[in-house]
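K.L.:
Residues per chain, in single letters:
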Amino acid sequence: MNALKRIVVVGRDADGWITAFMLQKTIAAHKLDIELEFLELPSDVNDGDFFSVQPSHRLLHDMLGAKEQTLLRLSGGMYSFGQRYNNWFGNGSSYMQSFDRSGVDFNQVPFYHYWQKAANSGLKLPFEAFNVGAAAALAGRYVVFEQVGSTFSHASSGYQFEARAYIATIAKAAIAAGLKHRATGIHQVKQSDLGISALVLSDGSEVTADLFIDASGYEALLINQLASGAVESWASAFPVDRLIVASAPKLTPLPAFNQISAFKAGWVGIYPLLNKTTINIACSSKHGKTSDVLERVSASIGMKLFNPVETLFAANHRPNPWVKNCIALGSAATNLEPLDGTHLLSLHLGLSALRGLLPQYTDCAAEAAIFNRSMNKQMESVRDYLLARYKLNKRFGDAFWDAARAQTVPDTLAYRIDLFKSRGVIAQMEDDVFIPEDWLALFVGNQLSTSNLDALIDKIPDDELMSKFQQLLTYIKTEVEKMPLLQSYTEMTL
Amino acid sequence: MREPLEIIVVGGGTAGWMSAVALANATNDQICKITLVESEEIGSVGVGEATLPQIKEFNDRVGINESDMMKFTQATFKLGIEFVNWGRLGASYIHPFGKHGEAIQGNEFHQIWGRVRSQEGIADIGAYSYAIEAGRKHRFDFPVSDGNYINSTYSYAYHFDASLYALFLRQEALKQGVRRIEGKILNVKKHAVSGNIESLTLASGKEISGDFFVDCSGLRSLLLAQELGEEFEDWSPWLLCDRAWALPTSKLEDIPPYTRSTAKAAGWQWRIPLQHRTGNGYVFSSQFSTEQSALDSLEQSINEQAIADARLIKFKAGRYKNSWTKNCVAIGLSSGFLEPLESTSIYLIQVAIQNLLKLFPSKQSNSLAIQEYNRLMDNEYARIRDFLILHYKLNDGSLGDFWQHCKNMEIPKSLAEKLEIFKRRGFVDTYNYGLFSLPSWVSVFIGQGWFQEGFDPFALGLADEDITLQLNKLSTKINIKLADTPTHQAFINQYCAAKA
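If you're matching them up, the sequences are chains P and Y in order.
Residue numbers for the first sequence follow our numbering, so the first one is 1 and each next one is one higher.
Residue numbers for the second sequence follow our numbering, so the first one is 1001 and each next one is one higher.
Not the full set, but computed from the structure, chain Y residues with beta-carbon under 7 Å of chain P: (1) Ala1026; (2) Asn1028; (3) Ile1031; (4) Ser1362; (5) Ala1369; (6) Glu1372; (7) Ile1421; (8) Arg1424; (9) Arg1425; (10) Tyr1431; (11) Tyr1433; (12) Gly1454; (13) Phe1455; (14) Pro1457; (15) Phe1458.
By construction, these hints were calculated from the structure, which means they are not laboratory data.
Where is the CB? At the ideal position from N, CA and C, for every residue including glycine.
For reference, chain P alone in the conformation it holds in the complex:
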């Protein structure tokens, strides 16, 4: 068996730079005898492009040794403590989904059952009224707790960044850390039985490696050569085929959350950034002209939109992202619309899996099998989560949404929905990426209700329950009032 001695990353933009930097850092930190080279392809990033990411993205930054505040400052980034979903079940409807849990379990029965029981008897407060993260987001606060550890809450923030600035910041750090890189194009991918034998670059020179990483984005430049056609289209489940990114002036005071609003032919996201606001429209060209959509969106959100840039989009997924000596990471493996802060999520999950499975030898079929199984299950689970928003929409009379609601969803998702409708229980599966509280917030937010509440809730008398609710509300109100406004917090720190 031959030791793995040389890795080449072929990539561009965030997928390419983050992958190369992550490998560079870990190889150096562990003093590995592995040579790394990054072949940088021309950028695909457009003006105004952005990233909206989950709180878990923080772990990736930790691995890269990036300081949060510096990174936010340099890339015009901002925190978001939640996402507000508007109009998904008819115009005027709305709920706040935070990165936090709602309420606490009593007698080991999930809070949801108590809340639903109270709601059935007339309680007007929404589920997220019992959620510190949601309350803080609505109040425009930056979450800090007076006494860490004294709370049931684990409120956290996702982020959004300006794509160009974010990539430039990471690229600069990677180069400073000694990453060997050159900007080039790939003229030809040469193959052998083992996979890729060499890359012929634009200048005619050849590059070899033991392991090739394809971080070339949607183009999937390397893996497509090895396994052309091995891509599942997810476009019939996700009808969005256009993404339009535009800019609007900065919002003051800064909201502590993003807004994701459904409209006739798609959804529009409003993302507050440090120096401006980014608007992202995800829509279907089959349900209206782009120019009309822009106009309507601009009018409905009451903001003038600058520099709209339209790109084509199609959701897809590669069930086997690791083929022979080539691993596809990020958009080269899976593409999903950024509905729930899922930008860069496939990349992050892929890098984590690779951290545990980086091969010692050039022959790596055993690692590939485990990597593929795990990544496939994880991405299907993410797909199910996003798809649930489409499936459960209640925008009757809009062709786009009626079709989304009428579609047959994968068994895994159908089962989760049915189990929740029947028992108010969230099915937990081995490779879930979104945790039960995320699923619960989504289901409750989408007005899915349960025919059988847990019978054990009756052990707590109604008056006792009401006083427990009151305590929670008081606690949340007091804590949130003590938190700084996001506006002042960022003025001081960024």
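Got chain P; can you put chain Y on it based on the hints?
P.N.:
Okay, now just chain Y, sitting in the frame of chain P:
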């Protein structure tokens, strides 16, 4: 307010009383009424005398005082299981309720240890585990919660007399309003159309009707198998043992805080130390030993005095495909049997109860609750099954025909992959749901001679001298702490000494 659900628990062993007390504790009279039917005549199997750490959560949840329970049940503490002669004759290792060592620079400890294991001055992996060393030295104290201390790296379980534990729970359950009926069940009435169980007729002629039935009737599986005809999934091609002789003997002089399992010609022998006596048994395959020679072998290998006659238990490894069907859930041996090699019987009862409470039955349709319940239990059983098979598969065949057979048997694909990738690079394909995490798999792999040949590349960067230094430090830390840890016997004497 809805009508309370009438729940009938059938059988008064460990499973029956654990179910009854947990149900009673989580509910009240308006939610359900619980009746337990048991027959003194039938008695319980009661081989499951060694437990796993999870049982403490169960006891805490139903409000059991640990020291009272331990006194009542003649309990001792358990830090793990010692496996003797498993893998090869003369081998011995402890599977601890704790971890080995500490990760270094993000590398799992076994990778680090694996790097230098053949070098001079490097001890077996167990020497770097606080739980294992405490076990070997017969010492015990409660773990601390501050992760900075070496004595935070483990948890513990109990050895106890399962019949006394059932009795202890019975007292609790009766206090919490469970109705107990003594009697033998002669007949079961089912609904002609739905097939749901409607009532039980006792020998006395008394009829007990209910909405929901919990079958804790043990190996007979009175309701699930006999009445509802649930299909059995046979796992005996992998787990060949189908008999056990149980033989209690007098107490050990110096009580070890661990269970011992010794591989023998046609199976394995357990030793479970209690305060007042010692549980012994020989689990064997009737294809490879007669009952008589197994009994002889058991008797010859024990030094202590027998205090009762040996008792034979017959079983078959496997489980019923669905633990919950119609209005009946089977909990305990009535839902399946796995030999007590890793003390999983009471754990399986416990998760069955937890899942039942999570999916509490209603009088309306339970079809999705049933589906989810069975999905969760499938997963638990399958994980344990693979882990048990692992113990048999990994051996050098020197113990005889039975072991030759196990060495060469085909194993489930999921398990074969786990073995391959561990050997290749020390990777443990862990999971979030189901029993046995990384240290358990590592214990058995390494303990039974299945070493990694390659490494996680990230573990290759550390210099040998740095690793050795870390290992020595760790070993010193463990020894210093153990020097002021009480002996197991002394700890029992002051915390939970039972009446002699």
